[in-house]
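Residue numbers (my numbering), protein chains in the order written: chain A, 4 to 419; chain B, 80 to 557.
Please note: incorrect hints may appear among the correct ones.
In silico lysine-lysine, DSS-like type, Cα no more than 25 Å apart, as pairs [claimed, not checked]:
#1 B:Lys551 x A:Lys156
#2 B:Lys183 x A:Lys180
#3 A:Lys384 x A:Lys356
#4 A:Lys221 x A:Lys156
#5 B:Lys551 x B:Lys101
#6 B:Lys212 x B:Lys183
#7 A:Lys407 x A:Lys356
#8 A:Lys221 x B:Lys540
#9 B:Lys152 x A:Lys156
#10 B:Lys152 x B:Lys101
#11 A:Lys156 x A:Lys180
#12 A:Lys384 x A:Lys407
No lab work stands behind these hints, which were simulated from the structure alone. None of these values were measured; they are calculated from a predicted model.
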Amino acid sequence: MFDLIVIGGGPAGLAAACSAWDKGLRKILIVERDQELGGILNQCIHSGFGLQYFKEELSGPEYAARFVELVSHTGVEVRLDTMVLDITPEREVHMVGKTTGYRVEQARAIVLAMGCRERTRGAIAIPGTRPAGVFTAGATQRYVNVEGYLPGKRVVILGSGDIGLIMARRMTLEGAKVLACVEVMPYSSGLNRNIVQCLQDFDIPLYLSHTVTDIRGKDRVEQVVVSQVGPDRQPIPGTEMVFDCDTLLLSVGLLPENELTQQAGIAIDPRTRGAIVYENMETSMPGVFACGNVCHVHDLVDYVTAESQRAGAAAAEYVLSGEETPGRVIEVKNGPGVTYTVPQHIRPQRLDKGCGIFFRVNRICGDSEIVVTSGETQIAKFKREHLAPGEMEQIHLPRVLLDKAGDALTVSIREV
Amino acid sequence: MQDVIIIGCGIVGAAAAFELAKYQVRVTVLEKENDVANGTTKANSAILHAGYDPLPGSLMARLNVRGVALAKKLCQKLDVPYRACGSLVLAFSPEECATLETLKARGEANGVPGLEILSGEEVRRREPNLSEKVLAALYAPTAAICSPWEYCLALAETAVRNGAELHLETEVTGIEKAGGLWLVHTNRGDFSARYLINAAGVCADAVHDMAAPHEFSIRPSRGEYYLLDKAEGRRVGCTVFQCPNQDGKGVLVSPTVHGNLIVGPNACPVVGEDTSTTAEGLAFVREKALKSVPSVAFGQSIRNFAGVRAHAAETSDFILQEKDGFVDAAGICSPGLSAAPAIAEYLVELLKNAGLTLEEKPDFFCQRRRVRFKELSPAQRAELVQENPAYGRVICRCETVTEGEILDALHGPIPPRSVDAVKRRVNAGMGRCQGGFCGPRVVEILARELGLWPEQIQQDKNGTWLLCGETKGGSAYV
């Protein structure tokens, strides 16, 4: 019997396990499907990690190494090369590994930290032939940074998410020619610093409001056709540009990896595609917590760490103090301008000082107010000079406000 | 010298090889691609049709009905995913209701059992997601779904186990008759045999013309599809057709044996093996499918693909004929997959009539089993991993495919040579992430097991290279 089983040994799982250990849990297991801890950070060899959390600029593997080091000084058990196949409502975790065999372990609490996966060509239905040479940006990153192979020499990138931008620079440094980065929206979904450092510094053109409308090539990609799109995101005939290339990289979004969560019967939020969570990252199944990109896709690993520490601490509290009797639950809803919020549910009686709410906006906004209402009453207002869908926003609601609020809060954006 | 050479190893070539392997006959199969099932067989609706569509008295009608009956037993013996899900043809107008009557009568004339016309209400009770506008439907309980590429692979593997020779990457370039034998020229040398079977699919007219005067032309017709995530796999329980029209059986919505939802196809004439998809074609398919099942969530799409039907220009029936020991199996469009084992029986009958002696092999081995880790109970999994730890390493997380299963395929009778060949054997890369996660790992296993460098591993057919060389830092495998 474990006090806590953490599924996934990436940044979320590592932070959650450390935090649960610090809070006093002693029988903790991390299950990681790869051959080492660190998750996707291991293939992110660029810098820019840790500015918020460590106040210094680290590479992905360096950031991961700090937490791997912390874990190594605890008694947390780690099973590598082991995949979790099933979680039951009784909190039995089925797992299988080459050296660890097939095992069923019982846990008092579970932290889900499985991360996310990339959207593929099929999800966005790009027409054309189906040659080799269409890769997701993350798979390419693995080939280049981990396996040491280059998947192509003339590259077009669809989507301006951060991994796509990072790979534009990486492929260029490896001697490939990156011809264009194409984004269907009128703005990039990546961080501004990545647009500057990965595209502009290398003279790679960014085509906003454009998309790939045809892939050509029998065996390997030979050309892609890029068209401008109108406000309805439909291609405008006559705007086609043809790029001779051998590779198309896709950076068209990330999806939380929640198959285990769904199988277990945990409620999923269709907006985040992650579990619906309370203020302490607990899911609809008592004693099961979710954090990091499996819960909602983050921009910065630093935020993943902070969220996962809260989840780990809450899991420890659950094990040490037992389940609390249910009290009042406030539902958090998204109003105009907001695409989702995390958490979706708040139990104000469980808060000390207050509760952070994370959310994304659905368009670029200039001077704006983030407005929180309860029924018809506005209970809080926050000013921002700039809001963008690519940047996760955060507000903090003090407990006194929540105590006064009704059973539902709405977060919305008002441009001023 | 062989008794019989089969040109093409799609479902028809494989079924013919399987059928002939039952006898003491030397059989060689020549396939131009680097894997079996690499043409029309891998890209179609994966439906075993009940048999009410073909006109009574046609070869299609006879062989379809017999073929699906044979398929049921074959799939069981050869461990091919198969599910008798039944099918529905929907009628949206009084005219289409009349079409259902015609189809039912046709089916009964063809010997299709259990056909039944259901009212709109009855059919919605069985399939609650069907459109409110459905007035009636023809239900056919004997329609089924299968894994077409595994079906083909299983037949070909069984033929190989029983002594048939399979030559991949062997393209026929010329055929001549010399000294009473057929001499087949290929890119890998010459082969000779007393009999030839032309099962070359979309290329069947070209192969025929190498050996005999021109007689028929194949007019390829492309069909485009959506494959949806397993989250949509239960949108319908049976295969849902619309009334057939001049373009074929129309757009269907169907579960697959792998648990996904398949939607398609349209019909568009193309030149050669053009399997590209188009924005218009996909939009058409979407629109038609939503007419039958308005709630299909296309946001759950995981892949689009297209396949090419090998229609003959001169006839709507199959072309199954023999002359001078040269046998055509051409124009095998739908219901070719359904009819395949019956087509094979028919071809062997043609060979027998042409003088081929058929003596049964006493030791014909007709069995095939493979490990499907995902389908095992926890106890079975535990035992398996203890016996062989390779089954404990999950390579494809979406479909829960283990390294052990991939190694089994690599040691099977027809080992995979490409990433997609692995996919067709064990389902790795078939799931929602479409190989984004397991792709690099499959490349690594293939390179290791085949003794190749990763940059030599192909995605699918030859020429579909994945990696162009090492990075400046060099390979991690040195």
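Evaluated hints:
no., hint, verdict
1, B:Lys551 x A:Lys156, "holds, 13 Å"
2, B:Lys183 x A:Lys180, "violated, 60 Å"
3, A:Lys384 x A:Lys356, "holds, 18 Å"
4, A:Lys221 x A:Lys156, "holds, 18 Å"
5, B:Lys551 x B:Lys101, "violated, 55 Å"
6, B:Lys212 x B:Lys183, "holds, 21 Å"
7, A:Lys407 x A:Lys356, "holds, 14 Å"
8, A:Lys221 x B:Lys540, "holds, 10 Å"
9, B:Lys152 x A:Lys156, "violated, 50 Å"
10, B:Lys152 x B:Lys101, "holds, 16 Å"
11, A:Lys156 x A:Lys180, "holds, 6 Å"
12, A:Lys384 x A:Lys407, "holds, 15 Å"
Taken one by one, the earlier hints fail for this structure at numbers 2, 5, 9, listed in ascending order.
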